[in-house]
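**Q** Sequence:
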Amino acid sequence: MKKDQINKDTPIYTISVVSNLLNVSVHTLRMYEREGLIITYKKTSGHRLYSQNDVEKISCIRNAIKEKKVSISAIRMMYSLLPCWKILGCSEEERTQCKAYNNYDNPCWTVIHYNNICADKDCRECPVYTKQASCNSIKDVIKDLTK
DNA sequence: ATTCTTACA
DNA sequence: TGTAAGTA
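Just so you know, we're using this note's numbering here: the first sequence kicks off at 229 and counts up by one.
If you are wondering where the hints come from, they were derived from the structure by calculation, not from laboratory data. Take the hints with a grain of salt, since some may be wrong.
As the list claims (entries may be wrong) - Calculated pairs, DMTMM-like style, for lysine to aspartate or glutamate (alpha carbon to alpha carbon, straight line, at most 25 Å):
#1 LYS371 with GLU284
#2 LYS271 with ASP372
#3 LYS230 with GLU322
#4 LYS236 with GLU322
#5 LYS371 with GLU320
#6 LYS327 with GLU295
#7 LYS314 with GLU295
#8 LYS270 with GLU322
#9 LYS327 with GLU284
#10 LYS375 with ASP348
Said to hold, decoys possible - Using C-beta positions, here's what the derived DEER-type ranges look like:
#11 TYR332 with SER273: 30 to 40 Å
#12 THR324 with ILE240: 18 to 28 Å
#13 VAL298 with LEU373: 22 to 32 Å
#14 ASN235 with GLY274: 23 to 33 Å
#15 LYS296 with GLY274: 26 to 36 Å
#16 SER253 with GLU321: 38 to 48 Å
Predicted model, so just to flag it, every value in this text is computed and none were measured. Idealized CB from N, CA, C, for every residue including glycine.
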């Protein structure tokens with residue numbers, strides 16, 4: 229069997245690398261995570277690792293904040309609008325009972341799920357989170373769902 | 001040397 | 001946002 233290949237979701241960059249890559253302070257990178265905008269991979273040591281998709285996502289976030297004057301809470305709200313129930317195929321029952329579906333302040337991956345399909349899943353590896361890596365890929369998600 | 005969390009100017 | 005303390 230072949231070993232897992234490196235792909236765009238593989239955590240490889242340390243926080244300092246990302247900091248240099250995007251000209252964002254490590255402090256700010258941690259803040260984006262606290263604010264629920266991104267999910268980082270954590271080593272057992274507690275140290276963060278970022279994937280290529282994470283870098284692209286943060287780049288998109290930076291552009292929104294710096295160039296378009298979008299607030300962090302506004303970005304959080306946009307993420308909360310992602311049609312996770314469609315992407316994951318939730319039943320109407322699951323959807324209407326879901327705490328993520330019933331709010332538009334926080335992304336689904338920041339919501340604690342108990343008895344539904346998301347309960348024992350790692351949101352970092354969930355398509356709802358991974359498929360909106362770059363700015364335009366959100367549209368691709370919608371496009372796939374509506375065709 | 002780097003990164004972590006928490007706290008504070 | 002930046003910086004500092006005290007760790008790991």
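**Q** All the hints need checking, so say for each whether the structure fits it.
**A** Hints versus structure:
With a C-alpha separation of about 20 Å, the suggested pair LYS371 and GLU284 falls inside the 25 Å cut-off, and the hint holds. Under the criterion of a C-alpha separation no larger than 25 Å, the hint pairing LYS271 with ASP372 is inconsistent with the structure, at around 34 Å. Restraint check: the Cα-Cα separation between LYS230 and GLU322 comes to about 37 Å, which exceeds 25 Å; the hinted pair is violated. Between the alpha carbons of LYS236 and GLU322 the distance comes to roughly 30 Å, so the proposed pair goes past 25 Å and is violated.
Of the supplied pair hints, the one linking LYS371 and GLU320 holds, its CA atoms being roughly 22 Å apart against a limit of 25 Å. Using a Cα cut-off of 25 Å, the hinted pair LYS327 and GLU295 is violated, with the two alpha carbons roughly 32 Å apart. With a C-alpha separation of about 31 Å, the suggested pairing of LYS314 with GLU295 is violated against the 25 Å cut-off. Between LYS270 and GLU322 the alpha-carbon distance is near 29 Å, which puts this suggested pair outside the 25 Å criterion.
Of the supplied pair hints, the one linking LYS327 and GLU284 is violated, its CA atoms being roughly 28 Å apart against a limit of 25 Å. Between LYS375 and ASP348 the CA atoms are separated by roughly 30 Å; this puts the pair beyond 25 Å, and the hint is violated. The hinted window of 30 to 40 Å between TYR332 and SER273 holds, with their beta carbons roughly 36 Å apart. At roughly 39 Å, the beta-carbon separation of THR324 and ILE240 lies outside the given 18 to 28 Å, and the hint is violated.
The beta-carbon spacing between VAL298 and LEU373, approximately 24 Å, falls within the hinted interval of 22 to 32 Å. Range check, ASN235 to GLY274: about 24 Å between beta-carbon atoms, so the 23 to 33 Å window is met. Distance hint for LYS296 and GLY274: a CB-CB separation of about 33 Å, consistent with the stated range 26 to 36 Å. Separation of SER253 from GLU321 is about 44 Å and conforms to the stated range, judged on CB atoms against 38 to 48 Å.
The structure shown violates the earlier hints numbered 2, 3, 4, 6, 7, 8, 9, 10, 12.
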